[in-house]
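Here our numbering runs 7 ahead of the position in the sequence shown, where the first position is 1.
By construction, these hints were calculated from the structure, which means they are not laboratory data.
Since we're looking at a predicted model, the values are computed, not measured.
There's no promise every hint is true.
If you anchor each label on the Cβ, the simulated ranges turn out as follows [said to hold, decoys possible]: (1) Asp24 to Arg164: 21 to 29 angstroms; (2) Gly177 to Thr68: 16 to 24 angstroms; (3) Asp24 to Ala64: 34 to 42 angstroms; (4) Thr68 to Leu18: 13 to 21 angstroms; (5) Ala81 to Arg156: 16 to 24 angstroms.
Beta carbons: idealized from backbone N, C-alpha and C, even for Gly.
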Amino acid sequence: MIVFRHADPRLPFLWEDAAQPAARWHAEGEGPAQYFSDTPDGAWAELLRHEEIRDPADVATLRRALWAVEIPDAEPAVAPDLPLKTVTGGLSSYAACREAARALRARALVRLEAPSAALGPGGAHGYRVDAGLKAGPPRDARTIVLYGRRPSLVGWRAAYEGRPADEILGRVRHLKPPRHHVVS
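Required output: the full structure, derived from the provided sequences and hints.
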């Protein structure tokens with residue numbers, strides 16, 4: 008299976024120790040946890056969501072590597088037994104997600120798969136060429152988390168200093184509601 012992740016272009020595409028910052032499916036000191044998206048749109052949406060980027064002018068300043076990484080199909084993926092609202096929720100849902108992930112890891116499971124929190128249902132799509140460039144059929148994006156060091160994984164840099172298309176902004180499920188300016 009080929010999956011995607013963004014990274015700082017100056018750094019490797021995988022974490023190698025427990026020093027990585029906490030995220031939805033692991034807490035401080037529980038890494039390494041390797042987060043991937045099953046689509047490039049999902050990987051870019053995760054970046055936009057976590058950086059709270061909403062303005063196309065801010066998207067234009069991004070310079071991230073996008074990696075295509077081959078992960079083993081034979082490794083069993085387990086979905087956490089949580090409501091969709093929890094696995095796709097905001098920061099307040101992270102504690103429940105981390106607890107569910109801990110329970111899975113306690114059973115020696117090392118691959119978690121869940122719906123993308125950054126893209127809603129049908130939020131990912133590829134493209135087709137048919138009298139010009141057309142959006143392909145929509146699909147639900149997935150997040151895949153592999154726990155532990157993964158020195159056997161091979162990644163290909165799909166973009167060295169790339170950025171997402173502006174149109175992805177409209178499909179991102181943001182962590183926080185937009186800030187409204189009060190005019191006095």
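Exercise. Measuring from beta carbon to beta carbon, are Asp24 and Ala64 in 34 to 42 angstroms?
Worked result: 36 angstroms, holds
Exercise. In this structure, is the beta-carbon distance linking Ala81 and Arg156 contained in 16 to 24 angstroms?
Worked result: Between Ala81 and Arg156, where Cβ atoms are some 18 angstroms apart, the hint holds.
Exercise. CB of Gly177 to CB of Thr68, is that within 16 to 24 angstroms?
Worked result: 19 angstroms, holds
Exercise. If you check the beta carbons of Thr68 and Leu18, does the distance land in 13 to 21 angstroms?
Worked result: 19 angstroms, holds
Problem set entry | Assessment of proposed distance window 21 to 29 angstroms (beta carbons of Asp24, Arg164) | 22 angstroms, holds
The earlier numbered hints are all upheld by this structure, with none contradicted.
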